[in-house]
Each structure stands twice: as structure tokens, then as C-alpha cells.
Amino acid sequence: MKTMKTMKTMNPFRMSTLLAMLFLAIIITSCSSDDDQAPEEENEVEVITNLSLIFTNTADASDIVSATAVDADGAGIGELVVLESIDLAADTEYTLTYSILNALNPDDVEDIAEEIEEEDFDHQIFYGFTEDIFASPVGDGNIDSSSDAVNYNDEDVNGNPVGLSTTWTTAATASTGIFTTRLQHQPDLKSATTGASDGDTDFNLTFTINIE
Amino acid sequence: MKIRFLLYLSFCIYSISLTAQEKKCECCLNGQVLDADSKEPIPFATVLVEKTGKYTQTDIDGNFLIEATCPDNYTLVISCVGYSSSSKEHHHQNGERPHFFLKEDFTSLQEVLIQAKRNKERGTETITQVTISKSNIRSNPTQSLASSLSDVEGVTFASSGSNVQLPVIQGLSGNRILILNNGLKHAFQNWGGEHAPEININSANKITVIKGAAGVQFGPEALSGAVLVEGNPLLLENPLYLTLGSGYETNGRGLNTNIEIGKGTQNWSYFLNGSYTRIGDRKAPDYNLTNTGKEEIAFSTGVLHHLENFDHFDIKLYYSFVDQDLGLLRSSVVNSAELFINSINADEPIIINPFSYDINQPNQKTQHHLAKFEVDWWYSDESKFNFKAGLQLNKRDEFDVRRNSDLPIIDLDLITYDYQLEWEHPTWNGLDGTIGIQYFTQNNDNNPGTQTTPFIPNYNTDRVSVFAIEKLKFDQNTFEAGIRFDVEINDVRGRETNQDIFRDNYTFSNLTASIGYLWRLGNNSSFRTNLGSAFRTPNVAELFSFGQQGFKSTFGLLRFQDTDGMLSTSEVTLLDESDVDLERGYKLTSEFRTGTNRSAHVINGYANYINNYVFERPIGVFGTIRGPQPAFIIDQADGLFLGVDYTWKKEISKKISSTYGLSYLWAKNIGENEPLIDQAPISTDIKLEWDQGETWVFQSSKWSLTPSYTFKQFQAPRTVSPESLVDGTAVVTTDSEIFDFLDAPDGYFLLDLSWSFKWKKLNGSIAAQNLLNTSYRSYLNDLRYFSDELGRNILINLNYNF
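Note that the protein sequences, when read in sequence, are chains A and B.
For the first sequence, our numbering assigns the number 1 to the initial residue and increments by one for each residue that follows.
For the second sequence, our numbering assigns the number 1 to the initial residue and increments by one for each residue that follows.
Among these hints, one or two may not hold up.
[Said to hold, decoys possible] Facing chain A, a subset of chain B residues (Cβ under 7 Å, in silico):
hint : residue
1    : Thr-497
2    : Thr-624
3    : Lys-687
Bear in mind the hints are in silico, worked out from the structure with no lab data behind them.
The structure presented is a predicted model; accordingly, all values stated were derived computationally and were not measured.
For every residue, glycine included, the Cβ atom is placed at its ideal position computed from N, Cα and C.
Assemble the whole structure, with the sequences as input and the hints as a guide.
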């Protein structure tokens, strides 16, 4: 049997070339990486921490009733807390608007209502309330049936209601009930007939409402 | 007229085909002599084994067989009437099949040296493993890596829809199995269940699945096994080859093309490989799966230079690139209770649109670059040095259905440097082995502008490892043992949701070991057993997850505190101050093989005990701005996995064979004495193969029919419906046992049929997957809450070899 060739001992030139490549490779990596940077600060617009319903008396702009729900730690396991009930005067017309904020970073409070407005063609707020609480709209709201009456003041580019501004006239008699507001995110889905069961829910809050 | 010869030789190589059995002095040399250009067989060439004086002639198909030979070094002299021959040997990596080329030389016959070595990875001879050949890999060029392995018993895949599939080896997946691409750990965002390795199988020449704890050999994360993907071997003296392939599949109207070109001269070899895949929305038997398309571009190239002036040197450069855009089922995006309840209770996905090739949110866009420099240096006959330096860049952008959906919700860059130096030392007192040192460093960065808090932090990982693996053989016994020491330093910087920065720095060191024994009993049987350990550091998602993911909130190991019953997620705990520890696995795997060409059995039993197994468990239901939502935390307990894989191959006739397979897994969280979720159910299948041989115009025609049955997972956790979570009828506390939102799907029967053929230079196949168009859901697909699996798919592939 004849071997292909006789093997020689290690060639010093080859050995040093190999080592040189090894050192070079290590030097390249240790120079380039190893940064100490944290990720940059972001405008966190996915999270809502403070949501306030603002009822403004259409006859008297200084008469404002607000009710707030807060989930102070946002995505953390702290519970959502409804801070107040909605206390409205009887037989009065109110305009309902919202303050929707991400206040996790007190130095940089994000206005989420602005984000919703920018994509109003993909969003709609639906309402549910105890019957006879309001003189207008009548009924129990459009969460259970999207064609039920709600007085929307705003609409998107496609002519469909949004719900960031709505009008409510309380009944003449005092009563107590519940009031639910629900934002549905309906990307590529929203139409004139889509309802509260279409799309994904971005907020779903229930308040106690008192008509005095 | 110069004619070049190609000689293929196969030796006693362990593989699932069970044809060449390891016996003492009962090896055989068999091969085929072909004309290099036309690939036509050369009949009646004489093959002489010089040492023994045995000789034979090739038959009409160019085949020859010499039996009763001992494993040894041999010289073969091959001569053909009318041609002279000389030969050249390429000194291969340990274990590679020797490849011989006969050159024309009208002067004299020269001698040829063959060195037959075992075709096994270092230190894994005693661990059960299966190799998948190139032809099986490329039979379906658009499938994922995980899917190409799933024929192997004990191996299946977990998925998030059809575009994201992760290999599962004997119950474990994710970063409990290690994936090596061309010898380098595939460095990707290997956390969560929705990240599949970005490896295009068109560039793979061979894939080996190692079903055992291979921590010593390959490093951390090989708790249950490893998948070794090998690319083009860059053979020398290889005539120019060009292969063009093209395919179409009916489910998704998918198109695929691939091209490979390469050549090897006396001292150089190169290859170029590219592929493109475009698939549209897939279809379940009853409806379209909207937004499940995929687009993938892949390219790889390599160059080998062989130096022989001083010592044997092989220098290799390799580069590969994969770019993917993967669609995820649109109806799987669910953040609120009512939508989740509606989705789970509906017969069909909530959103179904007509077929489209468009890929919209939710989707994943990834790019993976890999560059490798490798040197093999045989400084003596029996020993060599191997040095590898690898650089990988993994860019991942994930998009979700949300406001500002054009912005990614995850935008990560991961850069990895990997250096390995191994020394295969000369045999000392019968010990044959490898000693190695490795330096691995990774840098993960979030790119700004996602308008959401980074899901995982920025981090750097540096790891130094040393290992030694030795093998001792005498008579029919082989012993293997190995030891490895790793030190890993992690530096983490992240942001909380209120944008406060958190930092952490932790170091782990660990010793892993393995010991194995292989016994060749008698003529047809072997028994191998291996006890090995492996470890892994809990990944960044397991440590730092925070907040909502679909219809639940999950808090990582360091984001959750339970102080005397008071639950809190407001702090980030430092790892050194927490109870978090490494996951350490110990796996005992044994395999018994017996049989002949007519009937062969392989049975593999394993027991895998994992200390500090990371899992997710419920802690309660909490009020959120969207309504009530379940919350989970990541926890650690001890897990135990026991199982058996069985294969029986029987030759029914000369042309027909059947292979019966069964995979059984029993898994439990023994620390908490409760079930584990998402474990592979029992499955069984029979593969019937009919090799028609030469039929009509075809040089080769083969049929295969595979009925299979997957059982319902009987060990699934209890079911708690989302309705009962929301209305409070189901009470969940920190002591609650884990639950699932839906019962495990029923068992299902599937039928696959395929026909492959060869006609002159054209080869191809027509295959039908799920031929009966069965509607079913897979327990390992986390989209099973929303939709069925794919319906019938007919795949047509054609390859032309120039």
C-alpha cells in the first residue's frame, strides 16, 4: 500500500499564519461591538392608562361632568379602577368627548385620542346604557344592535360615525343605571353596518350613571 | 478522446436504511462506475481489492459488490477495457464519504488509497441519530426545515400556522434543541413559539437529527437533541454541474424555482445556489386561510481551496443569505375577550377573504446573513486542526394589526460572532478524540421607532467554552465520554413601559458531561446507550416578558414578584437576586437495532429529566381597559419526558417495502404534579414504497403511499373556557393548575401519496399531501384556536441536471 504523500511536521509559516488570522478575527469583534446602550425611548401608543368621559352641558360650557377610569400600571397586573360615577342633571343636553391618555411616563404623556382620530376610518365607539336614562337617544344603545340609536357628531372619511363626540339628552326623571362605552378597532372591516362585535376591542368600560 | 470517470463508493455507513450493517469483517465495498459526462454506467469494469486479491466486475448497471471485507484501509484498482485510469484522492473530513475521480491517463495504472471512516459526528456515535439525504430534503423544496425532518420518528414540528414551523425532538423544541447551520449555531431570535429558524433547505446537502443530549459536543441548548444542516460539501475534481429546479403547489398556488451550479478542479471548488419561493393564501378544506402567504429569497455560495505544498490545508469561505416575508393568519389577531370567545366558538376563522398573494399584517420580515471562514489543517496522517470563524446578522421586523400598523411592533438586529478551534488528536493508547475551544458573542439591539416599548431588551452575551470528547474502541465495544465547561456573561439593558431603563448583568458557568456505550452484538444487531447532560439559560423573553400577548398577559421570571401573597409587576428583579436558575437537562437515550435487509427494527427509548424547566402558569384574571383578561407568569419546575420511537422496515418483495413507525411521548411537570401544555401527541404511520425500476420511458419510477394517524393528546391540561374566565365562574389563583382555552383537537388520519421519476437528465415528482382533504387541527399549532390545517396540496417538482 502506498500512501498519497509523506506527511511533514508542522510548518512554522503555516502555523503563524493561522494564529495571525485568529487574533485578527478576535480583534475585529472586540473593537466593533460591546455597546452599553439601552433601547431608545419610545412613544408608547399601544397602552391606555387614563380614560375620562367628559360631558359638557351644551347650554353652559362651564358645566362639565367627568368620570375617569384608570389602569395605573398599564399592562401590569394592577387592576383597572373606575374612579367615579357619571352624575348628570335631568333634562339637560350634554356633549360627550374623551380624554384618552398614556400617563405611564409622567414626563411624556401620550394623547391616544389623537392616534384614534388619525385612523378614525378604522375605529368606532359603541354605547350601551340602561333604557329610559336618556330622552335622546332612546333605547339601550348600539352595543347590542348596531342600528339602534346613538347621536354621533363626528364621522370619518367614508361617512361612517366615529364616536369621539356624541350628544346626549338626559330624561326628565331622576334614575340610576349603567353606561358602557366601547371602542372597536376595525381595520379594513369598518362599514356602515359593522357593530360592536366586529373587530377587536381597544377599551370596554362600564360606569354607574345617575340622573339627578 | 478523453473521458473522465466518476466512481462512487459507499462503505459501512450507519443510517436508517439499514442496508450496510456493521459486522466484524463482514463489511462490503459496493459502488458504481459511471461515465463522468453522460452519467452512463460502465459495465464490465474490473474492480480489484489489492490487499485481499478479491476482484469483481461491474454489472450491466455499472454496480459492483465485494463482500466479506474488514473495515480497513484499502487500495482499489479499477480498470476498463479500452480505457486507462489514474486516480486522485481528496483527503476528506473525518467521516465524509470518500469521493474518487478517475482521470484519463494512457500510461499506467496507479494505485488508489481509500480510507473508510465512520460517518458520524464527533462524540455522537452512541447517540441515536438519523440522516436525511439530499433527495428527501429536496423532494419538497418549499417546505420548512422543521417539516423536512418530520418523517423521522420522534421528530415533529410545532407551528404558528404553515409559515412558522419549529422542529420538536422527542418533546422539546425552541431553544431546547440546537440548530447548527454549516457547523455554526444558527443565531436567531430563538424565543417564543412564533420564530422559526431562517434556513432555506434548498442549500442543504444533508441534515442529521441527533436525538440525545448533545451538550458536550455542540454547546448549550442541545437538551433534547440537535439538528445539523450541512451545505454543499465542495468536492474537488467535480465536473461542472448545473441543476435547475422548478415547482408548483396547488394549495396556495405556490411557485418555486432554484438553481445550483458548481465545479471542482484539482485544488479549487466552488458552488452557487439560489432559490425563490412565492406562495399565496393557503386553504383549509372548507375555507381560505387569509394572509398565510409567503415570499422567500435565498442565496448561498462557497469556495474551497486545497493546499498541498507543505501540509494538507483546506480553506473554505461560505456565505448564505435568506430573506423572508411570512404571513400569519389574519384571524389569529385577538386582543379582547369577546373576539377571542367568538373566534374559539366559530366553525371558521372570523375573517375570510378571497385568495390573494398579498402579505399584510400580521406578518414577519426577516433577513439572515451568514458568513463563514473555515480552515482544516491535517498536520499529520491521523490528526488535524479545524478552525471556524462565523459572522451572522439576523434582522427581524414583525408587524401586527394595530394603529400605525405600517410600523413594526418588533424591530431587532442580532449580530453574532462565533469562533471554534478543534483539535482531532492522534490516537493515544486507543483513545480517539477531539479537544476544542469556542468563543461566542452576540449583540442584540432594538431599532427605535416602533412606538411601543421594546418587547425584549438590548443585550450582549459572551461565552467561552472548552470541551473534550474521547472514544475508545475494542472488539465490538465502543465507549464515548465527553466533558465541557462553559462560562457565559450576559449584559442586559431594557425599558419598562413607563420608559424607565432597567439594567442587569449576570454570569453563568456550567459543566456538562456525557458518557455512552455502543455494543455490536452478533451479525445484525447493535445496542447503543448514552447518558448526557445539557443546559440552557432562560431566554430574554422568559425573563423579561411584560404585558399583553393576544388574549392574555404574560410576565417573565424577573418581572413578577410574589411577596407573601401580594402580587406585583411594578419592578424588574435582578437575576442574581431572584430564584432563577439554569435549565439543566439529563437525557438517557438507548437504541436497539436488529435485522437484515428483509426486516429491520429500530427501537429507541429515552428519559429526559429537566431541572428548572421553564413553563407558563396562570395566576388570575384581571380587569384591564379592554375588559377581564387572564394573566400568566413564567415559572420553573422539574419536568420529565419519557418516550419510545419505533421503526420497522420490512421488505415485502424485491420492489416493495413498508416502513412502520410509532412515536410515543409521556410528559409531565413533576415539580408541580400537573400536565405540561403543547406536548406532541402519539403518532403512527406506515410508508409503503414501490420501486418500479425502469418503466416505460422512465429510468426510474417510484411510488410511495403513507397513511398516518395522530392521536388526540390525552395528557393535555384541563380546559377553562374564556367565557367562564370573563364572567367569573372559573376562579383562577396563583395556586391554580395550568389550563388551556380549548380541548385538544381530536385525532386525525391523513394520507400522502407521491410518485417520483427519472427520465434522462430530468427528474421530478408529483406528490399529494392530505390526499383525502381531511379537515383537522393540530395540537402543536398555536393557531388551532382559530382555523383548521391545510387541505389537500398537490406539489409538482421538476429538476434538470445539465
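Here is how each hint holds up against the structure:
Restraint check, Thr-497 (chain B) versus chain A: the minimum CB separation of about 5 Å is within 7 Å; hint holds. Interface hint at Thr-624 (chain B): satisfied, since its Cβ lies 6 Å from the closest Cβ of chain A, which is below the 7 Å cut-off. Because the smallest distance between the Cβ of Lys-687 (chain B) and any Cβ of chain A comes to about 42 Å, over 7 Å, the interface hint for this residue is violated.
Violated hint: 3 only; the structure is consistent with all others.
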